[in-house]
Amino acid sequence: MTLLVDILSWILIVGGSFFTVVGAIGTVRFPDFWSRLHAVSVADSGGMLLLIAGMCLQGGFTLVTVKLILIGIFLFITGPTATHAVANAALVTGLRPRVARDIEAVELPPYSDVPDPRG
Amino acid sequence: MFLLAALALFAAMALVLYRLYAGPTLYDRVLAANSFGTTTVLFIGVIGFLTGRPDFLDIALLYALINFVGTIAVLKFFRYRAIGDIPQVPDREVGS
Amino acid sequence: MRVVVTALILFLLWLLMSGIYKPMIIGFGAVASIVAVYVGQRMDRADGDRVALLLSPLKFLGYLGWLMIEIAKSNIAVTRTILTQKMPIRQNLFRVPSCQRSELAQVIFANSITLTPGTITVETEENDFWVHAVSFSEDDHEALADMGARVAAIEPGGAA
Amino acid sequence: MIETLINIALFAMLVFTALAIVRMDRLFAVVMLSGVFSLLSAMLFVTLDAVDVAFTEAAVGAGISTVLMLGTIALTARREKAPSHSSAVPLVVCVVTGAVLVYGTLDMPNFGDAKAPANLHVAPDYLHDSIEEIDVPNVVTSILASYRGYDTLGETAVVFTAGIGVLLILSGLRRRRRYLDEDEDT
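Chains as they are written, first to last, in numbering that gives the first Met the number 0: chain U, 0 to 118; chain W, 0 to 95; chain A, 0 to 159; chain L, 0 to 185.
Hints are not guaranteed to be accurate.
What follows is a set of in silico ranges between Cβ atoms, one per label pair, in the way DEER data are often shown [to be verified]:
id : chain 1 : residue 1 : chain 2 : residue 2 : range
1  : A       : Ile33     : W       : Val68     : 21 to 27 Å
2  : A       : Ala144    : L       : Ala49     : 50 to 56 Å
3  : A       : Thr123    : L       : Val95     : 32 to 38 Å
4  : L       : Val95     : A       : Val30     : 48 to 54 Å
5  : A       : Asp145    : L       : Thr160    : 56 to 62 Å
6  : A       : Lys72     : L       : His84     : 55 to 61 Å
7  : A       : Lys72     : L       : Asn137    : 41 to 47 Å
8  : L       : Tyr102    : A       : Ile75     : 54 to 60 Å
9  : L       : Gly171    : A       : Ala152    : 49 to 55 Å
10 : L       : Ala49     : A       : Lys72     : 38 to 44 Å
11 : L       : Asn6      : A       : Leu15     : 38 to 44 Å
12 : L       : Val139    : A       : Asn126    : 50 to 56 Å
13 : U       : Ile10     : A       : Ile33     : 52 to 58 Å
14 : L       : Met0      : U       : Leu2      : 49 to 55 Å
No lab work stands behind these hints, which were simulated from the structure alone. No experiment lies behind these values; they were computed from the predicted model shown. C-beta: ideal position from N, C-alpha, C; glycine also.
Modelling step: build the complete structure from the supplied sequences, incorporating the hints.
If you want it as structure tokens, here you go:
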């Protein structure tokens with residue numbers, strides 16, 4: 000039984016580590032801000048969920064697991080909210096996504112009340 | 000196992016730190032800082048298991064909270080040029 | 000009524016976080032949660048909005064399970080995009096109609112879109128979301144419409 | 000062994016962040032980087048088992064000081080100005096002070112030395128008796144909140160006053176500036 004739990008948590012934690020690193024690689028490799036958003040969300044959703052699940056299995060039925068689950072739920076809700084907030088702020092302040100050449104770009108709402116997103 | 004996770008998180012932190020330094024836009028930096036915060040939360044959890052004392056999760060929870068509030072505060076600040084109450088006439092405040 | 004419930008929830012959280020059950024420390028927790036609620040009441044900063052949690056829990060759990068599978072799938076897809084030599088990026092920003100009625104369901108839908116890597120909700124309008132995709136394909140419209148229908152199904156009185 | 004590796008990696012990133020803060024002239028990026036700096040130092044505190052310090056660092060370093068610095072940027076400029084005079088003298092002063100401080104630490108007992116004066120006098124009593132006397136499981140907490148309670152009370156009062164003062168200055172400036180703007184409009 001413990002062996003099974005150990006193997007499972009091994010798989011989860013290795014997978015979580017893999018996705019975290021891949022997300023970080025993506026933040027470096029991707030060419031512009033809008034694609035980097037997606038790389039970060041790989042680390043934030045996949046990596047985070049798998050790592051927390053693996054640690055929960057190692058924690059067993061204790062308060063540690065309860066806290067881990069609390070952290071997991073919190074990150075599960077706030078992660079996408081923060082990503083959305085960043086993307087929305089970028090869009091509103093006039094950082095336009097580059098649309099692929101073969102797709103006809105849709106019209107965007109007229110924003111850009113704040114100049115110079117380069118801060 | 001947790002050593003592997005710690006190493007992976009270190010690699011992720013270093014790469015994200017590079018992005019935080021390189022920029023180029025402000026939003027890249029906010030995104031990188033947020034991602035760094037998430038990595039920190041996970042790292043504190045992993046450290047707890049690695050040293051056999053998983054009692055540090057309170058700090059991890061606190062960091063998750065502060066990280067989120069901080070990200071939102073930075074973005075709100077950049078949107079409205081003010082922290083605290085949003086001014087009643089945002090257009091004018093933003094333009095000034 | 001609401002105050003009592005808030006204090007009770009805070010106290011429950013205290014019990015979960017502390018892990019030490021001696022009378023004095025539990026007493027500290029009770030006093031702390033009551034003081035926190037009282038100060039919050041005095042500050043009068045709660046907006047008084049009520050969020051109706053009218054979701055059927057069983058269906059919601061089922062939806063969560065389905066969402067996990069979707070997250071896994073799209074994680075693998077984006078991982079492939081990141082790791083291949085020539086990153087096949089095809090960015091697009093498009094509208095997705097949101098057919099949910101309650102605000103809560105709309106929030107769940109928007110967050111689900113953002114949670115699955117590869118798609119991000121950028122802007123919300125009355126009945127539409129602006130979604131940004133990193134490697135867009137024509138199937139994405141259908142996939143997101145399917146997800147929207149699933150979220151609508153967990154609302155009360157939604158099409159099952 | 001593992002902890003040494005972790006410490007080395009964390010310190011390397013800490014040094015990189017500090018250098019980046021010095022070199023950066025976009026102040027928003029500096030705020031972000033200093034948030035990361037405090038996260039890194041808090042991780043170091045966690046590896047040192049100093050949970051309380053990590054808590055404080057989290058609340059003050061990553062939370063409050065970020066907000067305060069943003070408020071300051073709102074009142075001043077967003078780009079750093081080029082220095083008006085050469086930085087040779089300050090550099091010499093910094094290097095000399097640092098060298099003196101490092102020289103001072105050479106006499107100190109090693110980290111975790113059991114024969115250090117701090118570990119011989121009251122620390123054993125605290126470690127031995129705190130569970131019976133104070134009945135709080137964390138020894139650091141019982142020292143801070145009970146054995147040295149007045150000390151902590153004074154510190155908290157100082158920090159609280161400082162926070163209130165900074166908030167008053169920031170909000171007062173902003174309000175005055177808004178009044179000035181309205182005067183210009185009319």
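For the hint 50 to 56 Å, verify it against the beta carbon of Val139(L) and that of Asn126(A). holds (55 Å)
Range hint 32 to 38 Å: satisfied by the CB atoms of Thr123(A) and Val95(L)? This hint is violated: roughly 58 Å between Cβ atoms.
Mind checking the hinted window 41 to 47 Å against the Cβ distance between Lys72(A) and Asn137(L)? At 44 Å between Cβs, range holds.
Holds or violated: the 52 to 58 Å window for the beta-carbon distance between Ile10(U) and Ile33(A)? violated (45 Å)
A range of 38 to 44 Å was offered for this pair. Does it hold for the Cβ distance of Asn6(L) and Leu15(A)? violated (32 Å)
For the pair Tyr102(L) and Ile75(A), does the Cβ-Cβ distance stay inside 54 to 60 Å? holds (56 Å)
Given a hint of 48 to 54 Å, does the C-beta separation of Val95(L) and Val30(A) actually sit inside it? Distance hint for Val95(L), Val30(A) holds at roughly 52 Å.
21 to 27 Å was suggested as the range; check whether the CB atoms of Ile33(A) and Val68(W) agree with it. Given range 21 to 27 Å: holds, Cβ gap about 24 Å.
Are Ala49(L) and Lys72(A) spaced within 38 to 44 Å by their CB atoms? Given about 42 Å between the Cβ atoms, the range holds.
Beta-carbon spacing of Met0(L) to Leu2(U) - inside the hinted bounds 49 to 55 Å or not: violated (27 Å)
Distance restraint hint 55 to 61 Å, applied to the beta-carbon atoms of Lys72(A) and His84(L): Holds - the Cβ-Cβ distance for Lys72(A) and His84(L), about 60 Å, lies within 55 to 61 Å.
Taking the CB of Ala144(A) and the CB of Ala49(L), does the distance hold inside 50 to 56 Å? Because 52 Å falls inside the window, the suggested range holds.
Violated hints, in rising order: 3, 11, 13 and 14; the structure is consistent with all others.
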